[in-house]
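Q: Here is what each chain is made of, one letter per residue.
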Amino acid sequence: MQQLTNRSKVVSDKKMTFLEKIYLPAIVKGMAITLKHFFKKKSTISYPEQTRPFSEIYRGQHVLKRDDLGRERCTACGLCAVACPAEAITMISAERKPGEENLYREEKYAATYEINMLRCIFCGDCEEACPKEAIFLTDRIVASEYKREPFVYGKDRLVEPLDPTKRIDISKRQTESVLKFKENKRFAHNK
Amino acid sequence: MDWTLYIYKTIFLFIILLVTLVVAMYSTYGERKVAAFMQDRRGPNRAGPFGLLQPLADGVKMFMKEEIIPLSANRVLFILGPAIAMTTALLTGVVIPWGGTLTIGGREFSMQIADLNIGILYVFAMVSIGVYGIMIGGWASNNKYALYGSIRAASQMISYELAMGMAIVALVVTTGSLSLHEIVQQQHGMHWNVFYQPLGFLLFLTCAFAETNRAPFDLPECETELVGGYHTEYSSMKLGFYLFAEYINMFISSAVIATVYFGGYNMPFIDQLGLSPNALTLLGTAFFFMKIFFFIFLFMWVRWTLPRFRYDQLMNLGWKGLIPLAMFNIVATGVYYYFFELT
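For the record, the sequence lines run as chains A and B. For our numbering, add 105 to where a residue sits in the first sequence, where the first one is 1. For our numbering, add 3 to where a residue sits in the second sequence, where the first one is 1.
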């Protein structure tokens, strides 16, 4: 028969030799191996004290960015929801009233914007689809919860804070290749 | 009546009891650390510095657990099982010479609680009774897995005790004494019995693994086949007693091996040091404990290296391997002493 891999081993039923029968050489060999491991450097990372460095383009919890004037960038076009392979994003759009120009950048905005973090697969397609550079994935971890309901994140948890010191930094996700890719977008509204 | 002697013996008894319990307690910690290190892990390191308070936390946990006695179990025997296991484990330490003699106020105090002239037989007697703890516990649980475990324990211990006894017979031929005190005295300096009885030592060591139910002979409690073996139905501190007794047995076995084959509290070049007798005694005791700790480490080392024997392999090794070898050892020793060293 043709072999699929070259890893198969021939199994034999041969009698054990005397040295094998008294087990001792094999035992000593095994104990030498475990002793070697005893003095080996451990690869454990003691978590709360030490943390593993995140990748600079880690895809964690989303953020809805504001622009420099503190206005929400999202215009509720729904492209992210369309792009989302897990169908985790839903939104309801609303029209901006006069006097709300300091709150929303575009004439249409998202009245509600929800991401179900249990459905989300953190692929980053929403970020790629967004024409307004409004949604980004960050290096924050989605917190664990006891129930399902809190995993549906609304605008209260997605939109970044107004306070300039508490803005979420996404510059690390804007690597050169990403920026170059976004240059080609036809409707680049953000400089 | 010599009251100072009684008071000294009582105090010494309590010290030994305390040391035994503390060593057993920290053996559980050591076991987890050794296991972790051999598997490239770090082991317990959260409770206290380096996780040193872990045994205390485990003890508190054991005490806090709900105590369950199954309805179908025999209550008296169910409680008697762990009690016997624990008591016999603790009793063995009495005959072991923990050190030489201390001279306090012109009087000599031996660092051994009782110098029985049949010390080594006493050890065997106690270890054999220890089997009853496991057997009774497994039987009283009224559970098939527990019963399997205790049947295995009984047959395993009986088989291996034979080889163990025979290994000791050959040793007794060499030493000419059954008293542990005298056996240690004869091994002064580097005249350790292991150099005269290497085969006997190997047999004794193997049987000691089997007697203490340690891997690769831990069939009575093998988790993968028998749920928990003889202590399947046990919970809370009664389970704790069984596990604790195992660690005490390990400590005592290590002490016996160190005493009988590795010169006990004797250390090489002890006569050249020129220290006062008391300092030498204490140094010897420290050296004795170093030997014991090495053997405890060996027990753990073997446990985390070797897989468990299959039951038929276990019986084959015992009856067809170790016992004939032990018999050969007796004959060879006897022939040697009869023809070459007429004492």
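Hints listed in this document are in silico derivations from the structure and should not be mistaken for laboratory results. No residue lacks a Cβ here, since even glycine has one placed at the ideal position from N, Cα and C. There may be inaccurate statements among the hints.
Some, not all, of what chain B presents toward chain A, calculated at C-beta under 8 Å [to be verified]:
no.: 1; residue: Lys-36
no.: 2; residue: Phe-40
no.: 3; residue: Met-41
no.: 4; residue: Asp-43
no.: 5; residue: Arg-44
no.: 6; residue: Trp-304
no.: 7; residue: Thr-336
no.: 8; residue: Tyr-340
One-sided excerpt, in silico: chain A residues whose CB lies under 10 Å from chain B [stated by the list, open to error]:
no.: 9; residue: Ser-160
no.: 10; residue: Arg-272
no.: 11; residue: Arg-278
Q: Would the stated hint for Arg-278/A survive a check requiring a Cβ distance to chain B of less than 10 Å?
A: violated, 34 Å
Q: Holds or violated: the hint that Ser-160/A contacts chain B, with Cβ atoms closer than 10 Å.
A: Since the shortest Cβ distance to chain B is 25 Å, the answer is violated.
Q: Does the closest beta carbon of chain A sit nearer than 8 Å to the beta carbon of Tyr-340/B?
A: Cβ of Tyr-340/B sits 26 Å from chain A, so the hint is violated.
Q: Would the stated hint for Phe-40/B survive a check requiring a Cβ distance to chain A of less than 8 Å?
A: holds, 5 Å
Q: Can the hint on Thr-336/B be confirmed by a CB-to-CB distance to chain A that is less than 8 Å?
A: violated, 20 Å
Q: Are Arg-272/A and chain B close enough, Cβ to Cβ, to be under 10 Å, as the hint says?
A: With a minimum Cβ separation of about 37 Å from chain B (threshold 10 Å), the hint on Arg-272/A is violated.
Q: Holds or violated: Arg-44/B as interface residue toward chain A, Cβ cutoff 8 Å?
A: Arg-44/B check passes; min Cβ-Cβ to chain A is 6 Å, inside 8 Å.
Q: Does Met-41/B pass the interface hint, meaning its C-beta sits closer than 8 Å to a C-beta of chain A?
A: Status holds, d = 5 Å.
Q: Once the shortest beta carbon distance from Trp-304/B to chain A is found, is it less than 8 Å?
A: holds, 6 Å
Q: A closest beta-carbon separation below 8 Å is what the hint needs, so does Asp-43/B meet it against chain A?
A: holds, 6 Å
Q: Does Lys-36/B pass the interface check with chain A, least Cβ-Cβ distance below 8 Å?
A: Check failed: Cβ of Lys-36/B comes no nearer than 10 Å to chain A, outside 8 Å.
Hints 1, 7, 8, 9, 10 and 11 from the earlier list are contradicted by this structure; the remaining hints agree with it.
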